[in-house]
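Asker: Chains as they are written, first to last, in the UniProt record's numbering: chain A, 1 to 536; chain B, 1 to 536.
The hints are simulated quantities; they were obtained by calculation from the structure and are not laboratory data.
Be a bit skeptical, because a hint or two may be false.
[Said to hold, decoys possible] Below 16 Å or equal to it, Euclidean Cα-Cα: the simulated EDC-like pairs (lysine to aspartate or glutamate) are:
| no. | chain 1 | residue 1 | chain 2 | residue 2 |
| --- | --- | --- | --- | --- |
| 1 | B | Lys32 | B | Asp164 |
| 2 | A | Lys434 | B | Glu23 |
| 3 | A | Lys284 | B | Glu23 |
| 4 | A | Lys434 | B | Asp431 |
| 5 | B | Lys284 | A | Glu23 |
| 6 | B | Lys284 | B | Glu251 |
[What the hints assert, rightly or not] Simulated DEER-style distance windows between Cβ atoms:
| no. | chain 1 | residue 1 | chain 2 | residue 2 | range |
| --- | --- | --- | --- | --- | --- |
| 7 | B | Gly296 | A | Asp449 | 55 to 61 Å |
| 8 | B | Pro29 | A | Gln73 | 45 to 51 Å |
| 9 | A | Met198 | B | Asn379 | 55 to 61 Å |
Where a beta carbon is used, it is the ideal one built from N, C-alpha and C, also for glycine.
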Amino acid sequence: MFRLFLYLNILGAFLVTGLHIVEPGPEYPASKGAIWPRPQMQSIEIPYYKFDSDVLEIKVMDHDCPILSNAVQRSLAVLRDMLRIASPYVNRNAPQQVLDDDTYDGPLKSLSIYLTSPCEEYPHFGMIESYNLTIAADSTLRSSSIWGILRGLESWTHLFHLSDNRDQLHINKGEVHDFPRYPHRGLLVDTSRHYISMSNILLILDAMAMNKMNVFHWHIVDDQSFPYQSERFPDLSRLGAYHETLIYTKKDIQTVIDYARNRGIRVIPEFDVPGHTRSWGVAKPELLTHCYNEYAVDVGLGPMNPIKDSTYTFLRELFHEVQALFPDRYIHIGGDEVDLDCWESNPEFKRYIQEHNLTSVADFHALFMRNTIPLLSENSRPIVWQEVFDEGVPLPKDTIVQVWKGNEVYEMLNILRASHQLIYSSGWYLDHLKTGGDWTEFFNKDPRDMVSGFSKDINVDNIVGGEACMWTEVVNDMNIMSRVWPRASAVAERLWGHESQAAYQVYSRLEEHTCRMNARGIRAQPPSGPGFCLGA
Amino acid sequence: MFRLFVYLNILGAFLVTGLHIVEPGPEYPASKGAIWPRPQMQSIEIPYYKFDSDILEIKVVDHDCPILSNAVQRSLAVLREMLRIASPYVNRNAPQQVLDDDTYDGPLKSLSIYLTSPCEEYPHFGMIESYNLTIAADSTLRSSSIWGILRGLESWTHLFHLSDNRDQLHINKGEVHDFPRYAHRGLLVDTSRHYISMSNILLILDAMAMNKMNVFHWHIVDDQSFPYQSERFPDLSRLGAYHETLIYTKENIQTVIDHARNRGIRVIPEFDVPGHTRSWGVAKPDLLTHCYDQDGDYVGLGPMNPIKDSTYTFLQELFHEVQALFPERYIHIGGDEVDLDCWESNPEFQRYIQEHNLTSVADFHALFMRNTIPLLSENSRPIVWQEVFDEGVPLPKDTIVQVWKENEAPEMLNILRASHQLIYSTGWYLDHLNTGGDWTEFFNKDPRDLVNGLSKDINVDNIVGGEACMWAEVVNDMNIMSRVWPRASAVAERLWGHESQATYQVHCRLEEHTCRMNARGIHAQPPSGPGFCLGV
Numbered sequence: 001m002f003r004l005f006l007y008l009n010i011l012g013a014f015l016v017t018g019l020h021i022v023e024p025g026p027e028y029p030a031s032k033g034a035i036w037p038r039p040q041m042q043s044i045e046i047p048y049y050k051f052d053s054d055v056l057e058i059k060v061m062d063h064d065c066p067i068l069s070n071a072v073q074r075s076l077a078v079l080r081d082m083l084r085i086a087s088p089y090v091n092r093n094a095p096q097q098v099l100d101d102d103t104y105d106g107p108l109k110s111l112s113i114y115l116t117s118p119c120e121e122y123p124h125f126g127m128i129e130s131y132n133l134t135i136a137a138d139s140t141l142r143s144s145s146i147w148g149i150l151r152g153l154e155s156w157t158h159l160f161h162l163s164d165n166r167d168q169l170h171i172n173k174g175e176v177h178d179f180p181r182y183p184h185r186g187l188l189v190d191t192s193r194h195y196i197s198m199s200n201i202l203l204i205l206d207a208m209a210m211n212k213m214n215v216f217h218w219h220i221v222d223d224q225s226f227p228y229q230s231e232r233f234p235d236l237s238r239l240g241a242y243h244e245t246l247i248y249t250k251k252d253i254q255t256v257i258d259y260a261r262n263r264g265i266r267v268i269p270e271f272d273v274p275g276h277t278r279s280w281g282v283a284k285p286e287l288l289t290h291c292y293n294e295y296a297v298d299v300g301l302g303p304m305n306p307i308k309d310s311t312y313t314f315l316r317e318l319f320h321e322v323q324a325l326f327p328d329r330y331i332h333i334g335g336d337e338v339d340l341d342c343w344e345s346n347p348e349f350k351r352y353i354q355e356h357n358l359t360s361v362a363d364f365h366a367l368f369m370r371n372t373i374p375l376l377s378e379n380s381r382p383i384v385w386q387e388v389f390d391e392g393v394p395l396p397k398d399t400i401v402q403v404w405k406g407n408e409v410y411e412m413l414n415i416l417r418a419s420h421q422l423i424y425s426s427g428w429y430l431d432h433l434k435t436g437g438d439w440t441e442f443f444n445k446d447p448r449d450m451v452s453g454f455s456k457d458i459n460v461d462n463i464v465g466g467e468a469c470m471w472t473e474v475v476n477d478m479n480i481m482s483r484v485w486p487r488a489s490a491v492a493e494r495l496w497g498h499e500s501q502a503a504y505q506v507y508s509r510l511e512e513h514t515c516r517m518n519a520r521g522i523r524a525q526p527p528s529g530p531g532f533c534l535g536a
Numbered sequence: 001m002f003r004l005f006v007y008l009n010i011l012g013a014f015l016v017t018g019l020h021i022v023e024p025g026p027e028y029p030a031s032k033g034a035i036w037p038r039p040q041m042q043s044i045e046i047p048y049y050k051f052d053s054d055i056l057e058i059k060v061v062d063h064d065c066p067i068l069s070n071a072v073q074r075s076l077a078v079l080r081e082m083l084r085i086a087s088p089y090v091n092r093n094a095p096q097q098v099l100d101d102d103t104y105d106g107p108l109k110s111l112s113i114y115l116t117s118p119c120e121e122y123p124h125f126g127m128i129e130s131y132n133l134t135i136a137a138d139s140t141l142r143s144s145s146i147w148g149i150l151r152g153l154e155s156w157t158h159l160f161h162l163s164d165n166r167d168q169l170h171i172n173k174g175e176v177h178d179f180p181r182y183a184h185r186g187l188l189v190d191t192s193r194h195y196i197s198m199s200n201i202l203l204i205l206d207a208m209a210m211n212k213m214n215v216f217h218w219h220i221v222d223d224q225s226f227p228y229q230s231e232r233f234p235d236l237s238r239l240g241a242y243h244e245t246l247i248y249t250k251e252n253i254q255t256v257i258d259h260a261r262n263r264g265i266r267v268i269p270e271f272d273v274p275g276h277t278r279s280w281g282v283a284k285p286d287l288l289t290h291c292y293d294q295d296g297d298y299v300g301l302g303p304m305n306p307i308k309d310s311t312y313t314f315l316q317e318l319f320h321e322v323q324a325l326f327p328e329r330y331i332h333i334g335g336d337e338v339d340l341d342c343w344e345s346n347p348e349f350q351r352y353i354q355e356h357n358l359t360s361v362a363d364f365h366a367l368f369m370r371n372t373i374p375l376l377s378e379n380s381r382p383i384v385w386q387e388v389f390d391e392g393v394p395l396p397k398d399t400i401v402q403v404w405k406e407n408e409a410p411e412m413l414n415i416l417r418a419s420h421q422l423i424y425s426t427g428w429y430l431d432h433l434n435t436g437g438d439w440t441e442f443f444n445k446d447p448r449d450l451v452n453g454l455s456k457d458i459n460v461d462n463i464v465g466g467e468a469c470m471w472a473e474v475v476n477d478m479n480i481m482s483r484v485w486p487r488a489s490a491v492a493e494r495l496w497g498h499e500s501q502a503t504y505q506v507h508c509r510l511e512e513h514t515c516r517m518n519a520r521g522i523h524a525q526p527p528s529g530p531g532f533c534l535g536v
């Protein structure tokens, strides 16, 4: 009565001349103390140390700041929690583990943190995230950036593993030299199709930090609901949210930004225009275009109206408020799936085409963006979905284009030839479901590898990263954590630096990492097959 | 940046000559006070009553028993909870809702419960579940069976809906005459591939009762782990469970059975033999067959050994213990996916074939079942997976065959022609995932309709029901609730009696039912598309 999973057993089972031998126990036993995402360079030696919170001293040797001290406290709490969670599973009858063997090198005495430059206030595109970590009785963590120190502390917690009897935490002697391959490693969360609670957003940020992801792309509003509470235009959420309580206040947003900042995560808001804006029209119908059917009957509201000055007056004020709130220099202004047919169906637009000698209805999209991008604050940089590029809308050179459709290789080549930077999402739609453990499909996609060798006149470094996308048509607080994690972890490792395919060892490491997330309150689902986590 | 969901919008959107008009707000607005699964006959009138816990009196007029009084208390708690959960969303500034309009008929004064036969101790196959419910100021609920009363009370709670201002519970005047179409309406839960906690098992039973499902098919052990704690053979779980704490004790199982009994749910254990038994062999390798590759080398353990008397001695003792624990007359003994090749590969079996003139290796399966079924206690009835029937194993006439493979219509015809009863699961594998809201696929499968008209010499009533199956390869406590619910609700409605296809109204009713489950602590995921539930 169990079918379609045979492929899962290819590694775990022994197939002999039609025989199907299944071994008992977990399909992929968890690794012990493996860092996720896999670091660029790591050496692990046999001698090990024991964590003793009474002995271990964490010394901040160079620069310091609240982001650093908060991260140190969180790391220590993680270690204490690992022991606490394991304690019900300790076998009290087992003989006390002998630690005076040759490979035990005593308790961990200290971790000295050398931050060689002052802390930056906010994470930003291109921030330094590299770090060097040396594990010894007196360990050291070094980086020239607070963000590198955060990444290093995260790795440090991953290196600890429970002893066989689960009553001690051990860490092996060794070194880690680490840095990310792609600077933009994001997760998109759609809070319009379903509202996601503040507590889950903060948990998602926790999990992102555990996976060294550094961009929370907040697709905050869309056609269905408008949960962003604007101070200048309070009716937008009062009337356009699913319910007047299902909103994000200014204070909520500041909480998210601060929580993310402490974890080295940028928060990029998306206010998708001119399409996907139907909920804006509940309070402000005049922003949107009336669409007409073939009998010239008004059938409903479509994209924003690009030929009314009042549209831009409104957008200027809204963007001004949004950009005062979000410190990130980048802002996502959408531009996908604009219903050009609606514009074409409207008699006013037909007149406009004639009067202004437009050659195509896509010119309205260009018109809209030409008028909208200058409304953004000085120094800000737009991110747009690929259609804006595809429809020939002129874009500032520093615009990042997000690729989400199929036929992605061809698309990426075109964008790179136009010398734009891009982020990749096509293969990383978390709402796309398949039976079984489907993370390997995400894992095996590498955006730079896809275009490497196709063309000489491109710079693959302009592929600056990618984002896993959690569209929430059928996802809400009930299932978002298990839908995102550990599937987005596969994307996270791909973007950080691991260049190989999903080997058996990767499966085992992801088992451990999933249990690790569970132990830290992240309801990640089983990644690959039968198994268990204790104390989650 | 959102694709593949266009089909979801067919009902929610207005497609005009290429236009794609999306309305803001939920894709399917929730119904108000609709019973799930839809009752066989229902009238709803405009006059309505208000729930007031100080006024409403529940009178048990005829027979009574603890199952009944427990159910009454649970129902009242549900109503009070509905008000409590809604209270943060009440608009305190709204004018007090006027209830002296023509259609308000005062507070609900009483519900008189007429149970016209004494309570049965345990639910059983073919139990009476029909009930009649009349909603008036003095309401009545009538059934000749405690199980019918339980179903009626469940429906009664579904009829209540919040007033527009969310501060009152209303119920409309009306009548419900209801009975199930299929007798066996089950949910299989696999607790071997992943361990499922007791608290989630009890929540699953709560949700089953909310969906009028009446069989908890407990696939308790399998190849990967053996969480059933046997008193007679404690090593089975001590060595064969994932961890010695990840087990179901005798007390746990009694708790499950009692929780289920109070909700009119039968608990049928499955001890799948002779295949899917690898975890049994951790403690008892002598039970299993040694498999050999083509070079005659031993490669591992396969199915149980049907040619050793000790296998049956062991099974007799184990089944004796299991059947003393589970009151249910039916027991599932599996029989699926037996690795016949392993039996064939073993030299001892090759000799046995020659010595006993067996014509096919499948004869070992027949031999095994012929020896095993008589080990079950008197009056017990076996359920088996379809392979047992397919491989020509002689079965007692009262055996139920569970159909799970593709090509289900011919299979069902064959089983029906052999005059066996069957339960259907092929289309109801909850581990099979598709992008989007996939419950309609489950909903649109009706096992009797699949074979109706295909043959005259069959009795479709021998299709006694079906089961949604939650195989747990990639499901554990983190995601089981949202994976099962509300997808199994589609199966529940199909089996209870709804004979139509998944219309717009069914979508709206499932929205309400999902929010209802959420409000009662069941982490059901969004069924179909964008929307929201308040207060969960």
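Asker: Could you run down the list of hints and mark each one as holding or not?
Answerer: Tested hints:
| no. | hint | verdict |
| --- | --- | --- |
| 1 | B:Lys32 to B:Asp164 | holds, 10 Å |
| 2 | A:Lys434 to B:Glu23 | violated, 29 Å |
| 3 | A:Lys284 to B:Glu23 | holds, 14 Å |
| 4 | A:Lys434 to B:Asp431 | holds, 9 Å |
| 5 | B:Lys284 to A:Glu23 | holds, 14 Å |
| 6 | B:Lys284 to B:Glu251 | violated, 24 Å |
| 7 | B:Gly296 to A:Asp449: 55 to 61 Å | violated, 45 Å |
| 8 | B:Pro29 to A:Gln73: 45 to 51 Å | holds, 47 Å |
| 9 | A:Met198 to B:Asn379: 55 to 61 Å | holds, 57 Å |
This entry does not satisfy hints 2, 6 and 7, going by the numbered hints stated previously.
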